[in-house]
Amino acid sequence: MALTRLSRRMFLNTTATGAALGFAPRALRAQPATFKLGVIHPVTGPLAEPGQACRLGAQMAADAINAAGGIKSLGGMKLELLLGDTQTKPDLGRLEAERVVNQGARMLMGSFDSGSTAAMVSVAQQKRVPFLVDIAAADPITANVAKAVKDGQQKVQYVYRNFPTGSSFGRLAVRYFNEIFAAARVAPRRVVLMYTNDLFGQNQSKGFIAAHKAASPSWEIVEVIPWSEPPSDLSTEVSRAKAAKPDVIAPITRPASAQLLLPEIRKQRVEVMGIVGPGSPGLYEAGQLAALKDDLEYVMDNVPSWPNFKKARTQAVAEEYRKRSGGKTFDTNSVASYDGMLTIADVLERAGREALADPDGPEAIVEAMKKTNVKDILAVAAGPVVFNEIGDNPNASTAMIQILGQKPVVVWPRDAAVQKFVFPRPKV
Amino acid sequence: MAVGLTLIFGVMRVVNFAHGDMMVWGMYVTFLLASRAGVDPYVAFGAAAAALFVLGLVVQRGLVDRVLDAPHEMQILLMLGVALILENTALLAFGPEPTRARSTLAAATIWLGPVFVDVARLIAFGVALALTAALWLFLFRTELGRLMRATADNTFGALVIGTDVRRVYAVAFGVGAACVGAAGALVAPILPWEPATGLSLSVASFNIVIIGGMGSLLGAFVGGLLVSVAESLGAVFLQPSLKELASFSLLILILLFRPAGLFGNGRDG
Numbered sequence: 001m002a003l004t005r006l007s008r009r010m011f012l013n014t015t016a017t018g019a020a021l022g023f024a025p026r027a028l029r030a031q032p033a034t035f036k037l038g039v040i041h042p043v044t045g046p047l048a049e050p051g052q053a054c055r056l057g058a059q060m061a062a063d064a065i066n067a068a069g070g071i072k073s074l075g076g077m078k079l080e081l082l083l084g085d086t087q088t089k090p091d092l093g094r095l096e097a098e099r100v101v102n103q104g105a106r107m108l109m110g111s112f113d114s115g116s117t118a119a120m121v122s123v124a125q126q127k128r129v130p131f132l133v134d135i136a137a138a139d140p141i142t143a144n145v146a147k148a149v150k151d152g153q154q155k156v157q158y159v160y161r162n163f164p165t166g167s168s169f170g171r172l173a174v175r176y177f178n179e180i181f182a183a184a185r186v187a188p189r190r191v192v193l194m195y196t197n198d199l200f201g202q203n204q205s206k207g208f209i210a211a212h213k214a215a216s217p218s219w220e221i222v223e224v225i226p227w228s229e230p231p232s233d234l235s236t237e238v239s240r241a242k243a244a245k246p247d248v249i250a251p252i253t254r255p256a257s258a259q260l261l262l263p264e265i266r267k268q269r270v271e272v273m274g275i276v277g278p279g280s281p282g283l284y285e286a287g288q289l290a291a292l293k294d295d296l297e298y299v300m301d302n303v304p305s306w307p308n309f310k311k312a313r314t315q316a317v318a319e320e321y322r323k324r325s326g327g328k329t330f331d332t333n334s335v336a337s338y339d340g341m342l343t344i345a346d347v348l349e350r351a352g353r354e355a356l357a358d359p360d361g362p363e364a365i366v367e368a369m370k371k372t373n374v375k376d377i378l379a380v381a382a383g384p385v386v387f388n389e390i391g392d393n394p395n396a397s398t399a400m401i402q403i404l405g406q407k408p409v410v411v412w413p414r415d416a417a418v419q420k421f422v423f424p425r426p427k428v
Numbered sequence: 001m002a003v004g005l006t007l008i009f010g011v012m013r014v015v016n017f018a019h020g021d022m023m024v025w026g027m028y029v030t031f032l033l034a035s036r037a038g039v040d041p042y043v044a045f046g047a048a049a050a051a052l053f054v055l056g057l058v059v060q061r062g063l064v065d066r067v068l069d070a071p072h073e074m075q076i077l078l079m080l081g082v083a084l085i086l087e088n089t090a091l092l093a094f095g096p097e098p099t100r101a102r103s104t105l106a107a108a109t110i111w112l113g114p115v116f117v118d119v120a121r122l123i124a125f126g127v128a129l130a131l132t133a134a135l136w137l138f139l140f141r142t143e144l145g146r147l148m149r150a151t152a153d154n155t156f157g158a159l160v161i162g163t164d165v166r167r168v169y170a171v172a173f174g175v176g177a178a179c180v181g182a183a184g185a186l187v188a189p190i191l192p193w194e195p196a197t198g199l200s201l202s203v204a205s206f207n208i209v210i211i212g213g214m215g216s217l218l219g220a221f222v223g224g225l226l227v228s229v230a231e232s233l234g235a236v237f238l239q240p241s242l243k244e245l246a247s248f249s250l251l252i253l254i255l256l257f258r259p260a261g262l263f264g265n266g267r268d269g
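Going down the list, the sequences are from chains A and B. Residues 1 to 428, numbered by my numbering, are exactly what the first sequence covers, in order. Residues 1 to 269, numbered by my numbering, are exactly what the second sequence covers, in order.
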């Protein structure tokens, strides 16, 4: 082995550099090349279509941020997405979150369905990883953490959400139902609520029923019919709904159950004024439109974060999305994740180098998160992205869309509508 | 669906854990023929059965044949591996979205006063009945069928009288797979599916076959009817989301009081 003789100059250089690094702020010592984010969605399994839309939306936003120079307050640091797949299995939310955190993720975003999102929350809280929920409606996801912090069981809340909660979904759904019925000058009396019996479906249905009770409108929820997801047959459930003589069917579906439910409603000739969803996937996505065709025509759904196509930027992103997705529409799922990534970038810009500090980086990110006020987002919203004491964005809003001419278009609220709704729907 | 599973078990004593995934491939074959060549799913069911017969033959000759004398856990692991390969190949080939084969017939209903009959389900029921009858005739009225039953009853005896047992096994596995391929084609217009659907279909098949009796054709048929009726009644008299409670309660009762199943002979029960 050849030995290198250590010169005096080399010795001085080495020790001086070592000493300088030793006294440098800890954040400067090991500055990573990229800021790693765990982005977890259900990209396989029954929720694959919306999950893939979320992933692409997040990736496009990260690409746009990186192309514009990265996070400037971090010296132009680029965002690196560590992608995760829950496979539409709630328990995998936790495993995937642990995996990406072990790979160096400093923040988390995800994960579309409430079950896997709830599973990710425990990882975020235990490992002190700030987590922005881009999509997941179940109220307890943030409310439980806020309560634990308030009661002193946990010190810091790391979980925030830029998405309407189940209860706000319900309130807005009942409001839109009333306004649309009034604008159409009809008075439906009997509404049958049908829902997928998972965490999301239960939460959405509870929110809708509670909002209905609070508003006490002129229409009644005469029957509530849950089913196990994914169902193999919904004929008995639809027969039960039909027996209740509904004026309106309000379904809370998943993509697979929507593909069973809507043809079954047609087959059993359930004559209703309309099928109006209080808020769920499965009723507007490109794949669903291709599979269900006419069965989806005139169906309405109360959707969150619909892209605001009145903005030129949204139109440009939608066009890029169409190209990158092979012709799919920039919709509620892709825009929510896109806006989620924009929000994270804004938080990191404000947190600055403190975000990388060891060990207090996560708390610095949380402090910046609490002061969020992002106005430049692509979705329809009641105001800028801000977070309340529970960690939710009270300005996250919904819009009622309707499938008209095989395309989902916003029909309510009136100021966001791009087309007039059709209600009652034409008789077959 | 369950008839194929019970046939394979009855002849070879191999539990086909890839059964549901084979059915999913039957559905995809039907979907391809319907979407690319415009063939109605009810016409395509012969092609789906033929394709799955070949797949079954290949799986049996290439894989199952090598572990027939191995412990049961080896067979189970092998079939779970086949299931994983089939599921993930479908995922690569077709993507993860729910799929559905469209058929004009499947959209039709027959109304008898206030009662309606779903034509798609009526066809599925009728063809299942006919296929079960055909399979019975094959097993009881043909030379190959007799050899299959002889092999199932006493493999050593069948060998002694000069039966090509390996050929019998291969054909039995192929026929079992063809049955599930045909079943896939028949439900493709009714049930939306995606690559991961195989597991739930396998579980449903096992439920039916255990209730009816492992290895019994009649048991598989009656078991299927019982499970369907139990779930429908469960949806009416219990919560619809609890309807599986009815069929799995039935399974528990059978396991408690008649472990060999309704028509099982108890040899493996």
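There may be inaccurate statements among the hints.
[To be verified] Quick list of simulated restraints, FRET-style, between CB atoms: (1) Leu245(B) / Lys245(A): 25 to 33 Å; (2) Ala67(A) / Leu77(B): 26 to 34 Å; (3) Phe248(B) / Arg269(A): 28 to 36 Å; (4) Gly81(B) / Val186(A): 40 to 48 Å; (5) Ser200(B) / Asn144(A): 29 to 37 Å; (6) Ser200(B) / Glu320(A): 51 to 59 Å; (7) Asp415(A) / Leu129(B): 55 to 63 Å; (8) Lys311(A) / Ser200(B): 20 to 28 Å; (9) Lys407(A) / Leu233(B): 52 to 60 Å; (10) Asn144(A) / Leu91(B): 44 to 52 Å; (11) Lys427(A) / Leu105(B): 21 to 29 Å; (12) Lys293(A) / Trp111(B): 20 to 28 Å; (13) Lys427(A) / Leu233(B): 31 to 39 Å; (14) Lys427(A) / Ser200(B): 49 to 57 Å.
Hints in this document: simulated from the structure, not taken from any laboratory. This one's a predicted model, so the numbers in the text were calculated from it and none came from an experiment. Ideal Cβ positions, reconstructed from N, Cα and C, are used throughout, including at glycine.
Now for the hints, and whether the structure bears them out:
1. Leu245(B) and Lys245(A) have their C-beta atoms about 28 Å apart, which keeps the hinted 25 to 33 Å range intact.
2. Range check, Ala67(A) to Leu77(B): about 48 Å between beta-carbon atoms, so the 26 to 34 Å window is missed.
3. Between Phe248(B) and Arg269(A), the C-beta spacing of about 32 Å keeps the proposed range 28 to 36 Å intact.
4. Take Gly81(B) and Val186(A): their Cβ atoms lie about 58 Å apart, and the range 40 to 48 Å is violated.
5. At about 31 Å, the beta-carbon gap between Ser200(B) and Asn144(A) stays in the expected band of 29 to 37 Å.
6. The given range of 51 to 59 Å is broken by Ser200(B) and Glu320(A), whose C-beta atoms sit roughly 37 Å from each other.
7. Remark: the range hint 55 to 63 Å for Asp415(A) to Leu129(B) is upheld by a beta-carbon distance near 59 Å.
8. For Lys311(A) paired with Ser200(B), a C-beta distance near 43 Å fails the hint of 20 to 28 Å.
9. A C-beta distance of roughly 41 Å is found between Lys407(A) and Leu233(B), which places it outside the suggested range of 52 to 60 Å.
10. Restraint check, Asn144(A) to Leu91(B): a C-beta distance of roughly 34 Å breaks the suggested window 44 to 52 Å.
11. Between Lys427(A) and Leu105(B) the beta carbon distance is about 24 Å. The supplied range of 21 to 29 Å therefore holds.
12. The hinted window of 20 to 28 Å between Lys293(A) and Trp111(B) holds, with their beta carbons roughly 23 Å apart.
13. With their beta carbons about 33 Å apart, Lys427(A) and Leu233(B) fall inside the hinted range of 31 to 39 Å.
14. A C-beta distance of roughly 37 Å is found between Lys427(A) and Ser200(B), which places it outside the suggested range of 49 to 57 Å.
When each numbered hint is compared with the structure, violations occur for hints 2, 4, 6, 8, 9, 10 and 14.
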